[in-house]
Each structure stands twice: as C-alpha cells, then as structure tokens.
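Engineer: Residue strings, one per chain:
2 protein chains.
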Amino acid sequence: MKAFCFDVFGTVVDWRSGIAREAAGFFSRYGLAGIDPYEFAAAWRTLYQPAMEACRSGKRPFTRLDILHRENLVVALGNYGVDVAQLDTNALDQLNTAWHRLDPWPDVVSGLTRLKQHYIIAPASNGNIALMVNMAKRAHVPWDAILGAEVTQAYKPSPPAYTRMVEILGLPSKDVCMVAAHNSDLHAARECGLSTAFVARPKEHGPQQASDLEPTEDWDIVARDFDHLADLVLPKN
Amino acid sequence: MKAFCFDVFGTVVDWRSGIAREAAGFFSRYGLAGIDPYEFAAAWRTLYQPAMEACRSGKRPFTRLDILHRENLVVALGNYGVDVAQLDTNALDQLNTAWHRLDPWPDVVSGLTRLKQHYIIAPASNGNIALMVNMAKRAHVPWDAILGAEVTQAYKPSPPAYTRMVEILGLPSKDVCMVAAHNSDLHAARECGLSTAFVARPKEHGPQQASDLEPTEDWDIVARDFDHLADLVLPKN
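Taken in sequence, the protein lines are chains A and B. Heads up: the first sequence is residues 1 to 237, going by this note's numbering. Heads up: the second sequence is residues 1 to 237, going by this note's numbering.
Just so you know, the hints here were simulated from the structure itself, not pulled from any lab data. It is possible that part of the hints are untrue.
[As the list claims (entries may be wrong)] Below 25 Å or equal to it, Euclidean Cα-Cα: the simulated DMTMM-like pairs (lysine to aspartate or glutamate) are: (1) Lys2/B / Asp218/B; (2) Lys2/A / Glu22/B; (3) Lys174/A / Asp66/B; (4) Lys116/B / Glu39/A; (5) Lys2/A / Asp231/A; (6) Lys236/A / Glu71/A; (7) Lys174/B / Asp225/B; (8) Lys203/B / Asp227/B; (9) Lys116/B / Asp103/B; (10) Lys236/B / Glu53/B; (11) Lys137/B / Glu167/A; (12) Lys137/A / Asp107/B; (13) Lys203/A / Glu214/A; (14) Lys116/B / Asp66/A; (15) Lys2/A / Asp103/B; (16) Lys2/B / Asp231/A; (17) Lys137/A / Asp66/B; (18) Lys236/B / Asp220/B; (19) Lys116/B / Asp107/A; (20) Lys137/B / Asp107/A; (21) Lys116/A / Asp107/B; (22) Lys137/A / Asp175/B; (23) Lys174/B / Asp103/B; (24) Lys59/B / Asp220/B; (25) Lys203/A / Glu217/A; (26) Lys174/A / Glu39/B; (27) Lys2/A / Asp220/B; (28) Lys174/B / Asp93/A; (29) Lys203/B / Asp88/B.
[As the list claims (entries may be wrong)] Chain B residues, not near chain A, derived (Cβ > 12 Å throughout): (30) Asp36; (31) Ala42; (32) Val82; (33) Gln86; (34) His100; (35) Asn128; (36) Asn183; (37) Lys203; (38) Ala223; (39) Leu232.
Positions of the beta carbon are idealized from the N, C-alpha and C atoms, including for glycine.
Take these sequences, add in the hints, and give me the full structure.
Structural biologist: Structure (structure tokens):
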C-alpha cells in the first residue's frame, strides 16, 4: 500500500451536525425557526445522489458539487414551502458553503497525521477542490493532495472516479486503498482493483442509523476509526 | 489575496542540480561518464517546451508531464549518441522520476510553512500530480492542494492554465497570486487577471544565467525569496 484515499462526507466529516448547525442559524435569522435543522440537513443531502446521477448518466456535463449543492438548496427550501426569491442571495451562498465548514470526527486529524508519515493521503470525494481545501484548512486536515470528482471529472461510484485516480497517482491499483464508511463506495473501488478499508461511522445519519453499521464484504482492512487504521497499517517500532 | 499559486521548476525547486545529480549516477553505472550531467540536464529540459507546445497547439491531446519527460529522455540520450535500446527500461524509468526528487531552494519550506498559516498555497506547475505529490512528500513541502496542468488540463502559459485554476479555487482572480521566477509566467497570469509575485532564482540555469535576473514588469510583489515573500504578505504581529 502506498496511498490511502478517503471518502469525505460521512467518513471524514460529520456533515449532518455541521449542516444542521449552519441551517439553524440561517432559519432563526430568516424567521424559519419551524424547520428542524437535522431534518433539513437530511433533506438537502437526499438531493445529492440524483443531482450527481444527471452528470454520471451524461444528461448533463460534469458540474462541480458547489453548483449542485446550490441548486439543491433552492429545491430543498422550496420543499419546505420557503419562498426562496424573498431571501438574500448572499445569505443563500453563505449557507451553501456550510459544506466547506464541516467538522471532522474526533479521530480524523490524529489518525491522518500519523498515516501521512508513511503514505500518501488524499480525499477521494465527490466534493469539489475548493470545498475540500477550505474544509481541510479550517480543520487542519493534512492532505497531501486534493483528489476526487473535480480532478477525475467523474462522480463516484462511476468506475473512472477510481481508475483515473489510480492512474493520476501513478501506482498499481492494489497499492491505492479506498477508505470509506460506505460499503457501496468500497464495492465500486474493489471492482476497479483498489484495496479497501471500512471504517464504520454509526452516527453519520443520526441516532437512528440503520445502514453501513457493519462491513458487508471481506474488505482488506476493517478499522474502528482512523487512529485504529493507523495502528493497523503503520510499521511497528 | 487568499491564495498563492507557485511555479515549481526553477521557482520552488532547483531542477538543474537535482537532474544532474541523478544523471551523474546513471551515467557512471552505464559507462557514459563522458557526458556532462549539468549539460545533460539542460539538454533534457530544452525539450520540455516543444513537447508541451504539441499539447497547447492541439496537435496532441493533453498528456501528463511524466510521459513527455520519458519521451524526451530517450531523445536527449539519443542526441548524445547513446544507444537507448541497450539500456535497462527500469533504469530509464527510474531516471525519469528524478523530476520527483528535486530539492527545494533553502527558503522554500520555511516560507511556505509561514504562508500556509494565512493563505491557501498550491503548486501551479506544468508538472503532473504524482510528480508534485512525490516531490512534496520527500521534501516536506506543505501544499494545501496540488493544482496545475493535470488539474486544468492545460499547460502554462495557455490562459486556461490560469483561468481554470481561479475558477476551481472559487475566488476572484485578483485574490489569487501567481508566484514565479519567470517573468513570462507572470505576464500570462496577469493577462488572466491574477495578482503576481516575482522571486528571482539567479542560479536556476547555473552560474552563467542571463535571463529572469530582474522583474521586467511592475509585478504586484517582488520578493528576494519565500521567507521575504512571507514577511511582505503576512499580517504584522
């Protein structure tokens, strides 16, 4: 193994709490305090896969996630009966970049800092480059490079999202390990020849989470968190 | 200013000494000790612009620099009368990645480490992503992201090499400062609306260097080295 590439939303950062935090502030400023911010976070996120699917299927050219998120924000607010035309455009833009200000899970920075001593570490996220850079700088996530959809011009789980990343890294595919809290992401990565590591994030979807609590295939690595991942793959002293 | 994007070959790293060092080892192993390694480094580098020009002009699709370097290596050795077919392919591949193992100028890591506290820092190089990542890990260069030709799919000084980078960063073009030891790079960046910083590297081409010893336009910033650049743009305590 030479490189670890990470899913980000859910695996590295807690998007649900972060979006709910910023949405709550927005709703209270705009007299929308009746909307539950956690429900809203999930509702906004629900529009994510269909928006990317339009790009994956070729209905629409590749479009970076900040733009898809902004379109989805308008739809999500509209679904709650909010008259978006009455809202300040700058405030909507600001809420849209809440995705740039998500907090990592508590083990992330320490685990990645250790992994970085021996391996290339990079996000392999559907998030765009600016989103990943701003998130990493705010939270001190020490990536070696920002890879992912905007670099490969392909949204996971399309195969080019994985195969182009491997080619860009100039490594045999087995030397690149996809790390994710989502079995489906690892399944797609394995189909492309990458190694796989599962790290469960049982609170990604809140207290009632029912999916991805356990590995569903025999992934190459199963770790409790990023510190445990580092324990498993770093050379012993 | 929000982001500083750096030319790399010449501005961040001393390619001439690094290539000469690895070429000298290669030549001595293969009985080619008659070739001057510094001359060879310059000869190999001379093929760089024409190879990129084939991509810039559209004669050839965008092709990452590792591949262009490898083709140019065969040509450069052939120009010295070396029978490349007699050489070990793995050894040629290894020499080709000498570009991944170049040393930064002495002020680079300290200056960038300081700049990173307040700004996004990224290479805006014609080098490909793996080349930049491997170079940065070996030399502890603390980039926030790897930008450049493989991300924009355009070789400098083509305008898309600058304009797509600005768009990817999601910033107004004036908030992105191109840093280079080459006036021509800054000229092209300024034409695209970026801010500009000149850092002279009077030994890039060896002791006889005659070009780029001074700024040839009124660049926004002129710094002696990266530490000085940090002094000029960081907030004073």
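Engineer: It remains to establish, for every hint, whether it holds in the given structure.
Structural biologist: A quick look at each hint next to the structure:
no.: 1; hint: Lys2/B / Asp218/B; verdict: holds (21 Å)
no.: 2; hint: Lys2/A / Glu22/B; verdict: holds (23 Å)
no.: 3; hint: Lys174/A / Asp66/B; verdict: holds (21 Å)
no.: 4; hint: Lys116/B / Glu39/A; verdict: violated (37 Å)
no.: 5; hint: Lys2/A / Asp231/A; verdict: holds (16 Å)
no.: 6; hint: Lys236/A / Glu71/A; verdict: violated (48 Å)
no.: 7; hint: Lys174/B / Asp225/B; verdict: holds (22 Å)
no.: 8; hint: Lys203/B / Asp227/B; verdict: holds (18 Å)
no.: 9; hint: Lys116/B / Asp103/B; verdict: holds (20 Å)
no.: 10; hint: Lys236/B / Glu53/B; verdict: violated (43 Å)
no.: 11; hint: Lys137/B / Glu167/A; verdict: holds (19 Å)
no.: 12; hint: Lys137/A / Asp107/B; verdict: holds (23 Å)
no.: 13; hint: Lys203/A / Glu214/A; verdict: holds (13 Å)
no.: 14; hint: Lys116/B / Asp66/A; verdict: holds (24 Å)
no.: 15; hint: Lys2/A / Asp103/B; verdict: holds (22 Å)
no.: 16; hint: Lys2/B / Asp231/A; verdict: violated (37 Å)
no.: 17; hint: Lys137/A / Asp66/B; verdict: violated (29 Å)
no.: 18; hint: Lys236/B / Asp220/B; verdict: holds (19 Å)
no.: 19; hint: Lys116/B / Asp107/A; verdict: holds (23 Å)
no.: 20; hint: Lys137/B / Asp107/A; verdict: holds (23 Å)
no.: 21; hint: Lys116/A / Asp107/B; verdict: holds (23 Å)
no.: 22; hint: Lys137/A / Asp175/B; verdict: holds (17 Å)
no.: 23; hint: Lys174/B / Asp103/B; verdict: violated (30 Å)
no.: 24; hint: Lys59/B / Asp220/B; verdict: violated (35 Å)
no.: 25; hint: Lys203/A / Glu217/A; verdict: holds (21 Å)
no.: 26; hint: Lys174/A / Glu39/B; verdict: violated (39 Å)
no.: 27; hint: Lys2/A / Asp220/B; verdict: violated (40 Å)
no.: 28; hint: Lys174/B / Asp93/A; verdict: holds (20 Å)
no.: 29; hint: Lys203/B / Asp88/B; verdict: violated (33 Å)
no.: 30; hint: Asp36; verdict: holds (30 Å)
no.: 31; hint: Ala42; verdict: holds (26 Å)
no.: 32; hint: Val82; verdict: holds (25 Å)
no.: 33; hint: Gln86; verdict: holds (26 Å)
no.: 34; hint: His100; verdict: violated (9 Å)
no.: 35; hint: Asn128; verdict: violated (7 Å)
no.: 36; hint: Asn183; verdict: holds (28 Å)
no.: 37; hint: Lys203; verdict: holds (28 Å)
no.: 38; hint: Ala223; verdict: holds (23 Å)
no.: 39; hint: Leu232; verdict: holds (21 Å)
Violated hints for the displayed structure, listed by number in ascending order: 4, 6, 10, 16, 17, 23, 24, 26, 27, 29, 34 and 35.
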